[in-house]
Amino acid sequence: MNCPAPLASALQAVAAGLPDATNHYFLKANYYDHVEDNEGDDDPARWWLAVMWLNEETTRNFELGVNELQLDVLLDGRRLADWTRVSIPYSEIWDVLHQRTKGSPNPNKWTPLYYDHAAMRMPPVG
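For the sequence shown, position 49 (counting from the first letter as 1) is numbered 603 according to our numbering, and the numbering increases by one without interruption.
Where hints are given, some of them may not hold.
[Claimed, not checked] With a Cα cut of at most 20 Å, we get these calculated DMTMM-like pairs of lysine to aspartate or glutamate:
| # | residue 1 | residue 2 |
| --- | --- | --- |
| 1 | 663 | 587 |
| 2 | 656 | 574 |
| 3 | 582 | 610 |
| 4 | 663 | 610 |
| 5 | 582 | 670 |
| 6 | 582 | 617 |
| 7 | 656 | 617 |
| 8 | 582 | 611 |
[To be verified] Computed spacing ranges between beta-carbons, pair by pair:
| # | residue 1 | residue 2 | range |
| --- | --- | --- | --- |
| 9 | 560 | 619 | 15 to 25 Å |
| 10 | 585 | 630 | 16 to 26 Å |
| 11 | 635 | 558 | 28 to 38 Å |
| 12 | 620 | 657 | 17 to 27 Å |
| 13 | 634 | 657 | 17 to 27 Å |
| 14 | 632 | 555 | 17 to 27 Å |
| 15 | 634 | 574 | 16 to 26 Å |
| 16 | 672 | 636 | 13 to 23 Å |
| 17 | 660 | 567 | 30 to 40 Å |
In case anyone wonders, no lab produced these hints; they're calculated from the structure.
Think of the CB as a built atom: it goes at the ideal place given N, C-alpha and C, for glycine as much as any other residue.
Kindly produce the complete structure, drawing on both the sequences and the hints.
Next comes the structure, spelled out in structure tokens:
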């Protein structure tokens, strides 16, 4: 993996923990790209300020590549059959949090696995 060792360690922990339904992760990145073809566009759709809640129900095919994370996620809780493949360059990830609980996560009890304020950037304007 072509990323800082602390981020690699955090993402490997996420990969190992996802099969356990009690593990919940919050991943924050500057953006992610939709991997699937986007209605004839040559460029993937980009979603700025990506914040994803990952657990065994919302995430599958979590793959740690050389320069990016790829995963299938549920982006709309009302459309549970619609999985979206996304790609997130490691350089765009700035926060990874973990919480272990049997129910819904408590918004105040996340444990930081990785944080890099310098990696957090706002999208370009215009």
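Here is what the structure says about each hint:
1. Of the pairs offered as hints, the one joining residue 663 and residue 587 is violated, with about 29 Å between alpha carbons and a cut-off of 20 Å exceeded.
2. Of the pairs offered as hints, the one joining residue 656 and residue 574 holds, with about 10 Å between alpha carbons and a cut-off of 20 Å not exceeded.
3. The straight-line distance between the Cα atoms of residue 582 and residue 610 is roughly 18 Å, inside the 20 Å bound, and the hint therefore holds.
4. Taking the CA atoms of residue 663 and residue 610, the gap is near 19 Å; set against the 20 Å cutoff, the hint holds.
5. Simply put, residue 582 and residue 670 have alpha-carbon atoms about 10 Å apart, close enough for the 20 Å limit, and the pair holds.
6. Only pairs whose Cα atoms come within 20 Å are accepted, and residue 582 paired with residue 617 is accepted, the gap being roughly 17 Å.
7. Of the supplied pair hints, the one linking residue 656 and residue 617 is violated, its CA atoms being roughly 25 Å apart against a limit of 20 Å.
8. Distance hint between residue 582 and residue 611 is fulfilled; the C-alpha atoms sit about 18 Å from each other, no more than 20 Å.
9. As the Cβ distance of residue 560 to residue 619 is approximately 18 Å, the hint placing it in 15 to 25 Å holds.
10. Distance hint for residue 585 and residue 630: a CB-CB separation of about 18 Å, consistent with the stated range 16 to 26 Å.
11. Between residue 635 and residue 558 the beta carbon distance is about 36 Å. The supplied range of 28 to 38 Å therefore holds.
12. Residue 620 and residue 657 have their C-beta atoms about 37 Å apart, which leaves the hinted 17 to 27 Å range violated.
13. The supplied range of 17 to 27 Å is met by residue 634 and residue 657, whose beta-carbon atoms lie about 19 Å from each other.
14. Between residue 632 and residue 555 the beta carbon distance is about 34 Å. The supplied range of 17 to 27 Å is therefore violated.
15. For the hinted restraint 16 to 26 Å between residue 634 and residue 574, the CB-CB distance of approximately 21 Å keeps it satisfied.
16. The hinted window of 13 to 23 Å between residue 672 and residue 636 is violated, with their beta carbons roughly 35 Å apart.
17. A hinted range of 30 to 40 Å for the beta carbons of residue 660 and residue 567 is inconsistent with their spacing of about 19 Å.
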